[in-house]
Amino acid sequence: MGNGSALRKAGIAVGALLILVWCLLPVAWIISLSFKSQESITNGSPGFFPADGGFAGWDNYVAAWENDQFRRAIFNSIGISLIATLLSVIVATLAAYAIARLEFKGKKLVLTTALAIAMFPVVSLVGPLFDLWRAIGLYDTWPGLIIPYMSFTLPLAIWTLSAFFREIPWEMEQAAQVDGATSWQAFRKVIVPLAAPGVFTAAILTFFFAWNDFVFGISLTSTEAARPIPASLSFFVGADPFNRPASLLAAGAVIATIPIIVIVLVFQRKIVAGLTSGAVKG
Amino acid sequence: MTHTVTAPAPEAQRKKASDRAVAENKLGMKLVAPALVVMLLVTAFPMLQALWLSLSNYALTAPDDRSFVGLQNYVTALTDPLFWRTMAVTVGIMIVTVFFELIIGFVFALVMHRVIFARGIIRTSILIPYGIITVVSGFAWQFAFSGTNGFVNLWLPFVEGNFNWFGEQFPALFAICVSEIWKTTPFMSLLLLAGLAQVSEDMIEAAKVDGATWWQRLFRVILPNMRAAIMVAILFRALDAFRIFDNIFVMTAGAVGTESVSFLTYRQVIEQFQIGMGSALSVLLFLSVLVIAFLIVKLFRVDLAAARQEG
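One line per chain: the protein sequences are A and B, in this order. Here the first sequence stands for residues 3 to 284, numbered as in the working numbering. Here the second sequence stands for residues 43 to 353, numbered as in the working numbering.
So here's chain B without its partners, still in its complex pose (with noise of 0.2 Å):
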C-alpha cells in the first residue's frame, strides 16, 4: 500500500524522495477535498446550526417569537414519556429486527455459499428486495396485512379473516417488522456470505476428519472465523434499523403507538414548524447512534480497521 521510499538511500536521493512524499502528500489532499467538502457540507454544518437552533424556541408557525431558552427543548423533550415511548420502540425494533436478520441471513448465506444449481438465479432474486424501494416494500406489506384486500389473514390459520393488524401497537408493529426484515435480509446474507467465503475450507475438512459434528464445525470452527464480519453486519444494520421511517411513514403514519425517534423528529420539523424543538430532537438523535454505535463497538469489540483491511 505505501509507495514512499523506504530503503536508505544517499543524502541527495533521500532529498528527492522527500519532495516527491511532499508532492504526493499535497496531491492526496487535492484529490480528497471535493469529497470532504461535500460530505461535510450537508451534514456538518446543518448539525452545527441545529444544535445552535435547539436552543432557541423557534416555530416557523410564529417566527417572530424566537428567543433563547437554553436546555429548555431538551428539557421538555427528556421529561415527556412520549420520548421515551418512541424510543422504546425504535429500539425494540431494532432488537427484533436485527437479531431475526442475523439468523435467517445466515442461514440464506449458508444455504448460497453451498449450492450449486440455479446460483444465479438465486443472487439474482436476493438483490431484488435489496433494490426495491422501501416505501414499494411498505406499500406491499400494508396491503398484504389488510384485512380487506390483503392475503395474510387468509393464509394464516390462526388469525380471524377481519382481523385489523393496523389497530393495536403490536400486531401494526409486527407487519412493521416484517417489511423491514423482508427488504433487508438480502443484504444481510450477502455481507455474512463474503465473511463466509473467507473461513479456510481447510480448517472445516480438518475438523470433520477429526470426527467435529455439523454443529460442532459451525460453533467452533465457523463461527469464531468470521466474527469481524457478522460484528460488521450487526453494526451496520442495527444503525439503519434504529434510523426506521420509511415503512412506519408508509405504513402507519406513526399511529397506535408505531412512532420511531426518527419519525418523531421528522413530524416535530416538518409538519409542525417546530424548528427548537425538532433541532434538540435531532441532536437527540444524533447522539443516540453514536451512544449506540460506540456500545456495540465496545461491547462486541468490534475492530473496524481490521474488518476494513486498513491495518
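So here's chain A without its partners, still in its complex pose (with noise of 0.2 Å):
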C-alpha cells in the first residue's frame, strides 16, 4: 500500500507538471517572440528565445501600441464585447428566471432552440448576413456585430444561468417577507446576493465569446470601424501567411490576451463553475 500510494503521488505530481507546461508553455512562446527584434525575425531566428544581439526589448510592442488600425480594434472590442454581454445578460436572466421557476408552455421549445443554436455552424449565417446587413445598413457597424454575438451567447447565458436559479432556495424570499419585508427589499437583500454569482459567471462566458470572435468580424466589418481584435489581427500586414512581421504579432496577440488573463486569474473559480454548470448539468 506505502509503495503504491508513494508511487501514485509522483505520478500526480508529474501529471500537474505536465497540465503547467502544456497550458504556460504557447503562452510564454508568445511572450518570447515578440521581444524578438524585427532584423532577427527577417533574418530568420530559429529558437525559443531571442538569440544574442536579436532582443528588441518593448519595441514591438511600442509599434504595436502606435499602429491606429490595432487600438480602433481594441477599443472596438472592448466595446462591442461589452454591450453584447450586457445586452445577453439582461435577456438571459429573463428567459433563464422563467425556465427555473415557471410552469408554461414552449419551454421545451426554448430549450431545444438554445441547444439547436449552441451546435449552429456559424459560416453558414454569413453569407445571408451579410447580404442581410448590407441592405439594411448594419455591415460594418457595432450593432452588426452585437446582434449575431447575442444570439450565440444566449444560449451558454440561458443554461449556466438557469442552473444557478434552480439551486437558489427561493422560499427564502417569502421567509423575508413573513419577517416584515417589503418584496422589494425581500428581492434586494435575499435574491440579488443568491443570484449574482451566477449572473457574473454567464457575463464572463459570454465576454470570452464575443471577445474570441473571428468568423463574424471578418465577415460583418470591412473597416477600423467596427473591425474587432482577432480580424485586425489576421489583417496586420497584407494576407499572405507566410512572410509576417511575426514579433510584432506577438506582441498584440500579448496585448490582445492580456484582458483575458486578469479575469481568469480574478474569476477563476466563477469560471469553472459557470462552464461545467453550463454543459454538464445546466
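The set of hints was computed from the structure by calculation and includes no laboratory data. One or more of the hints may lead you astray.
Claimed, not checked - Here are the simulated lysine-lysine pairs, DSSO-like style, with alpha carbons at most 27 Å apart:
1) K11/A x K250/B
2) K250/B x K109/A
3) K72/B x K191/A
4) K250/B x K272/A
5) K68/B x K107/A
6) K72/B x K107/A
7) K72/B x K110/A
8) K191/A x K272/A
9) K68/B x K110/A
10) K340/B x K109/A
11) K250/B x K110/A
Got two chains here, each in a separate frame; can you build the complex from them with the hints?
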C-alpha cells in the first residue's frame, strides 16, 4: 500500500507539472517571440528565446500600440464585447428565471432552440447575414456584430443561469416577507445576492465568446469602424500567411490576451463553475 | 421544479390555482420571448434566406444575371471533388482532435481531481488556453512550427532544421490539429472533471476493498459512471471541431489542401461573392452538422435530457 501510494503521488506530481507546461509553454513562447527584434525575424532567428543581439526590448509593443488600426480594434473589441455581454445577460436572466421558476408552454421549445443554436455552424450564416446587413445598413457597424454575438451567447448564458437559479432557495424570499420585509427588500436583500454569482459567471463566459469571435468579425466588417481584435490581428500586414512580421504580431497578440488573463486570474472559480454547470448539469 | 398546486382542492381553490397557472404561463412566455426572438432573428431567418438564395444563380460580381436554377448549385457542389476533399479533411480533423482531446483531457481531469498542492494554480492555468483567442493560438503555433523563427524543428529530434511544416498537406494539418488540441483540451478536461466529481467515492473504495486493480476500477467503475459527461463532452467538441475555421484561416489560409467545409463556404461568399453557391454550401454545412449530431446522439445513445437534469 505504502509503495503504491508513493507511486501514485509521484504520478500526480508529474501530471500536474505536465498540465502547467501544456498550458503555459505556448504563452511563454508568444511572449518570448514578441521580444525578438524585427531584423532578427527577417534574417531568421530559430529558437525559443531571442538570440544574442536579437532582443528588441519593448520596441514591438510600442510599434503595435502606435498602430492606429490596432488601437482602434482594441477599442472596438472592448466596446462591442461589453455591450453584447450586458444585453445578452439581461435577456438571458429573464429567460432563465422563467425556465427555472415558472411552468409555461414552450419551455421545451426554448431549451431545444438554445441547444440547436449552440451547435449551429456560424459560417453558414455569414453569407445571408452579409447580404442582409448590407441591405439594412448594419454592415461594418457595432450593432452589426453585437446582434449575432447576443444570439450565439444566449444559449450558454441561459443554461448557466437556469442551472444557478434552480439551486436558489426561493422560499427564503417568502420567509423574509413574513419577517416584515417588503417584496422589493426581499428581492434585493435575499435573491439578488444569491443570484449575482450566476449572473456574473454568465457574463464572463459571454465576454470570452465575444472577445474570441473571428468569423463574424472578418465577414461583417470592412474597415476599422467596427473591426475587432482577432480580425485586425489576422489582417495586420497583408494577407500572405507565410511572410508576416512575427514579433510585431506576437506583441499585438500578447496585448489582446492581457484582458483574458486578468479575468481568468480574478474569477477562476466562477468560470470553472459556469463552464461545468452550463454543459454538464445545466 | 414545479410550483403549480397539485393537491386535491375544493372547487373555488382549484379555480384560483388554474387562474394562477394561466398567469404564470403568460409571464413565462413573456420572459422567454426576447431571448427566443434574438436567437431566431440571426439564425432562422438568414437560414431560410440561404435556402432560398441557394436555389438561384446569384453572384455579387454580376448581380443582374440572377436567375432561378433549382438544385443546380447542390448538384455542382456535390459532384465536385473539391467539396468531398474538404469534407474528408474536416471529418479527419474532427476525429483526430476529439480523440486526442478526450484522452489527454481525461488524464488532466484525473490529475486535477486528485491533486492537493497547487490546485488553484493548475485550475487557473488550465483556463488560459480556453480563454485565449483562437487566432492568437493559431499564430503562436504557426510561428512555433516555422522553420525560420520557430522552435519546434530544433526541439524535435527527428525533424530537419529547415523542414517546412506548411508546405505539404499532412504536416500542415498536423500543425493545425496541434493548435486546435492545445486550445480546447482544457475545456474538455473541465467537463470531464465535473463528471468525475459525480462518481461516488464509496463505490470506488468498495471496488478497492474487493481487490480491484487501478485499471479495473477505471474501466469498470469510474468510466461507466461518467458516461453521460463523456458523451456530452464528445458531442459538443465534435460539433465544434467540425466547424473549424479560425486556425485554418490564420495558419495556412486553406493552402496545400487544408481547407475545411467552413473555410470553403466562407471563401465562396466573402471572397468570391458567389452568394448562390455559397448559400448552397451553407445549407450543406448546416445539414452535415445535423447529421453528425444525430449520428453521435444515436450511436452513443446520448441522453441530453438526463445530462441537463431535465427529466
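**Request:** Sort out which numbered hints this structure fails and list those numbers smallest first.
**Result:** 2, 4, 11
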